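Starting from the given sequences, assemble the full structure and let the hints guide the process.
Read top to bottom, the protein sequences are chains A and B.
So the first sequence is numbered by the working numbering: it starts at 1 and just counts up by one.
So the second sequence is numbered by the working numbering: it starts at 1 and just counts up by one.
Some hints here could point you the wrong way.
[What the hints assert, rightly or not] Calculated lysine to aspartate or glutamate pairs in the EDC-like style (CA-CA distance at most 20 Å, straight line):
| no. | chain 1 | residue 1 | chain 2 | residue 2 |
| --- | --- | --- | --- | --- |
| 1 | B | Lys430 | A | Glu158 |
| 2 | B | Lys453 | A | Glu6 |
| 3 | B | Lys156 | B | Glu134 |
| 4 | A | Lys8 | B | Glu480 |
| 5 | B | Lys430 | A | Glu139 |
| 6 | A | Lys8 | B | Glu476 |
| 7 | B | Lys445 | A | Glu6 |
Because the hints were derived from the structure by calculation, they are not lab data.
Just so we're clear, the structure is a prediction, and the values are computed from it rather than from any experiment.
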Amino acid sequence: MEMMEEPKYRIPEKGVTVWRIYGVLQVIIFAALAGIATFFTYKFEGPVVISIIAWALVAIALIILVFVFPTIRYRVWRYEVREQEIEIQSGLFVVTRTLIPMVRVQHVDTGQGPILKKYGLSNISISSAATVHTIPFLETQEADALRARISELARVAEDDV
Amino acid sequence: MSKYKLHPISAAIEALKSLKSLIVPGIILIAANGFNFTVDFRDEDFWGSMFSFLILLVIFLFTTVAGILKWLTFRYWFEEGELRVQYGLIVKKKRYILFDRIQSLNYKEGVFHRLFGLVQVTVETAASTDGKPEASLTAIKRVAADQIEKEMNQAKYGEITQDDDMLITPKSRKVYKMSAKDLILLATTSSGVGVVVFGVLAVVSQFAEYIPYDWIYDELAYLVKYSVIIVIALILMGMLAAWIISIALTLLNYYDFTVVEENKRLVITRGLLEKKRIAIPLNRVQAIKIVENPLRQPFGLASVQLESAGGGFEEGKSSKIVLFPLISKKAAVAPFEELFPQFDFEVQSFIQSPKRAKPFFYRLDFLWIAPLTAVLTYFFFPYGLLVLLLAIPMVAWGKWQHKAAAVQQAEQQLTIVSRTFSRVTFYVQKNRIQAMEQRQSFFQKRRDIASLKVTVMSGMHGATAIAYHMDQSEIESLMEWYRHTKKAAIEQDPILE
Chain A
1 MEMMEEPKYR IPEKGVTVWR IYGVLQVIIF AALAGIATFF TYKFEGPVVI
51 SIIAWALVAI ALIILVFVFP TIRYRVWRYE VREQEIEIQS GLFVVTRTLI
101 PMVRVQHVDT GQGPILKKYG LSNISISSAA TVHTIPFLET QEADALRARI
151 SELARVAEDD V
Chain B
1 MSKYKLHPIS AAIEALKSLK SLIVPGIILI AANGFNFTVD FRDEDFWGSM
51 FSFLILLVIF LFTTVAGILK WLTFRYWFEE GELRVQYGLI VKKKRYILFD
101 RIQSLNYKEG VFHRLFGLVQ VTVETAASTD GKPEASLTAI KRVAADQIEK
151 EMNQAKYGEI TQDDDMLITP KSRKVYKMSA KDLILLATTS SGVGVVVFGV
201 LAVVSQFAEY IPYDWIYDEL AYLVKYSVII VIALILMGML AAWIISIALT
251 LLNYYDFTVV EENKRLVITR GLLEKKRIAI PLNRVQAIKI VENPLRQPFG
301 LASVQLESAG GGFEEGKSSK IVLFPLISKK AAVAPFEELF PQFDFEVQSF
351 IQSPKRAKPF FYRLDFLWIA PLTAVLTYFF FPYGLLVLLL AIPMVAWGKW
401 QHKAAAVQQA EQQLTIVSRT FSRVTFYVQK NRIQAMEQRQ SFFQKRRDIA
451 SLKVTVMSGM HGATAIAYHM DQSEIESLME WYRHTKKAAI EQDPILE
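Following this line, the structure appears as C-alpha cells:
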C-alpha cells in the first residue's frame with residue numbers, strides 16, 4: 001500500500017508568529033506563578049531551591065512553547081479543500097488527519113481575535129452535525145473566499161448513498 | 001380553536017424540581033458553615049449564619065412563583081398542522097412546531113404524575129440535537145397526551161405522504177420485553193456497583209474537610225489493635241451496601257422494560273416509580289453499540305445501545321439509548337436484523353490489532369508508574385519499589401485490550417471493537433459518519449501503526465469510536481474507503497487558485 005499523500009496547502013508562515021505570541025502569553029502566566037512562588041519562599045524563608053525550580057520550569061516552558069511547539073505545529077499543519085471533502089492534518093506529538101465530507105458540512109464560520117486581526121489573519125471553523133474543525137491563521141481575504149467556496153460546495157454536495 | 005392548560009399540579013412539580021436542585025447547594029452551605037450555625041435568633045451570629053439560607057429561600061420562592069406564573073400563562077393548542085405553545089406574563093414566548101417535523105413525543109411519569117394520572121410530554125424535533133427538547137409540557141392528563149399523539153398522526157398521515165410504506169407497516173409489534181429473571185441478572189451484574197462505590201468516594205472526598213478525621217482515626221487505630229479483619233469486614237460491608245443500592249436502583253429504573261416497534265419508530269418504556277416512555281424514529285439511529293461487561297461476557301450476555309440524533313431519557317446528556325439492557329448475543333441478532341436490515345451483525349473476518357502493536361496498549365502507563373515509583377522509592381526505600389508491581393496488572397490489562405481491538409469494513413458498514421473494561425462493538429454505516437480521523441504518534445509511525453477515530457451525531461458532542469493501534473495500511477485503506485473524492489480526481493483538483 002502506498003503512502004497517503006499529504007494535503008496540499010500549508011498555513012501562512014505568519015501563523016508561526018501567532019503561535020509564538022500565544023506561547024509568550026502562556027509563559028507570562030507561568031512567570032507570574034513563579035513570581036508568586038518566589039515571593040512566598042522569600043517571605044517565609046523557605047528553601048531557595050523552590051524558586052530556582054520554578055524559574056527553571058518557566059525557562060523550559062519558554063523554550064518549548066515559544067520556540068519548539070510552534071515550529072512543529074507549522075511543519076505538521078496542512079489542509080486541502082476538495083469538491084467532495086475537506087482534509088486537515090494537524091498535531092504535535094500525534095499527527096491527526098481528518099476527513100470531513102462536504103455532504104456532512106453544516107456551516108462554516110470565519111473569526112479573528114485581536115492578535116489575528118493585527119496580522120490580518122482569520123480562522124475558519126467547519127461544523128458538521130457532531131464535530132467542529134478549525135483551519136487556523138489564513139489570510140483574511142483567503143479565509144473569506146474559502147468560506148464562501150466551502151459553503152457553496154456543501155450546498156451542492158450530494159449524498160453517495 | 002380551543003386552547004389547553006397544563007394540570008395545576010405542574011406548578012407544584014416545577015417547585016419541587018427547583019427545591020431538588022437546591023438540595024446540593026444547601027448541604028454544601030451547611031457543611032461550609034461547619035455545622036455550627038445557630039437557630040436561636042437572639043444569638044448575634046444568627047443573621048450572619050442565616051444569610052446564606054435566606055438567599056436560598058429567596059431563590060426557591062422566586063422559582064416557585066415563576067413556576068406558578070408559567071402554569072397560569074401556559075397554553076397549548078393545535079392549529080394549521082402545528083402544535084402551538086405559548087407562555088410568559090410580560091414577555092410572551094411562543095413556539096409553533098410543525099407536526100411533520102416532530103420526531104417523537106416522549107413521556108415521563110414521576111411519582112407525582114402517577115398519583116394524579118398525569119404525564120410529562122417532551123417534544124423532539126430534528127432541531128433538538130443539543131439534547132434539549134423543543135417543547136415540554138410539565139404535566140397533562142393521559143387523555144390529553146393521547147390527543148396530541150392523535151392530532152400529530154392525523155396531521156402526518158392524514159394526507160398521503162411520500163412514505164407510503166409507513167402506512168403499510170403493522171401498527172405495533174413487540175420487539176423485546178425483559179423477563180424478571182433477566183432483570184435480576186441485570187441488576188446483580190451491572191457495573192453500577194463500581195459507579196456507586198466511586199460515587200461514595202467522590203462524596204467523601206468532597207466533604208473530606210468536614211469529616212472529623214481525628215475521631216475516625218482514633219477509632220480505626222483502636223479497631224486495628226484488635227483485628228484487621230474487622231476493618232476488612234467494614235469495607236466489604238460498605239461495598240455490599242453499595243451493591244445493594246445499585247441493585248435497587250437498577251430494579252427501579254429497568255422494571256418492566258419493553259421495546260415496541262410502531263410506525264418505523266422504537267418505543268421504549270421502563271421504570272417502576274418513575275415511568276418513562278421514549279420514542280426513537282428508526283431513521284434517526286446513527287450507530288449501534290454492543291457492550292459486553294466482563295462479568296457478562298463469559299455467559300454470552302451483552303447490552304445493546306443506540307446512538308440517536310435525538311435526545312435520550314436524560315435531558316442534556318448524550319443521546320445514548322439502551323435498547324436491550326441484557327440479552328444473549330445470539331438472541332439479539334434476529335430482532336436486530338429485522339429492525340436494522342442495512343446492518344450486518346454477524347461480522348466475520350475481523351482484522352485484529354497486529355502483534356507488534358501490543359506494547360502500545362500499556363506503554364503509556366509507564367509514564368506515570370515510573371515517576372510514581374521514583375518518588376515513593378525516594379521517600380520509602382525500599383518499599384516504594386513495590387509500586388513497580390503495578391506494572392504487572394497494567395501490562396495484563398493492556399494485553400487484554402489488545403486482544404479485543406479489531407476492525408472490519410464491508411460495503412457501507414464499519415465495525416470497530418475495543419475494550420476499556422467492557423468490550424464494545426460499534427456498528428456504523430458510512431453515511432452516518434460525520435468525520436473520520438487517522439491518528440499517529442511518532443512512535444506509532446516507526447512501527448507502521450495508526451489509530452482511527454470516527455464521530456457520529458449523538459446529543460451535543462457526538463459519539464466516537466476509536467480503533468486503537470491497527471496496521472497503518474489498514475487504517476489508510478479505511479480512510480480511502482471513507483474518502484469521497486476518488487484518487488484520480490485528487491491529482492488534478494487545484495481548488496485554490
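Verification of the hints:
Of the supplied pair hints, the one linking Lys430(B) and Glu158(A) holds, its CA atoms being roughly 14 Å apart against a limit of 20 Å. The straight-line distance between the Cα atoms of Lys453(B) and Glu6(A) is roughly 18 Å, inside the 20 Å bound, and the hint therefore holds. Straight-line distance between C-alpha atoms of Lys156(B) and Glu134(B) comes to about 18 Å, which keeps the hinted pair within the 20 Å bound. Taking the CA atoms of Lys8(A) and Glu480(B), the gap is about 17 Å. The hint holds against a cut of 20 Å.
A distance of roughly 34 Å separates the Cα atoms of Lys430(B) and Glu139(A); the hinted pair therefore is violated under the 20 Å criterion. Our distance criterion of 20 Å between C-alpha atoms is met by Lys8(A) and Glu476(B), whose separation comes to about 17 Å. With a CA separation close to 15 Å, the supplied pair Lys445(B) and Glu6(A) stays within the 20 Å bound.
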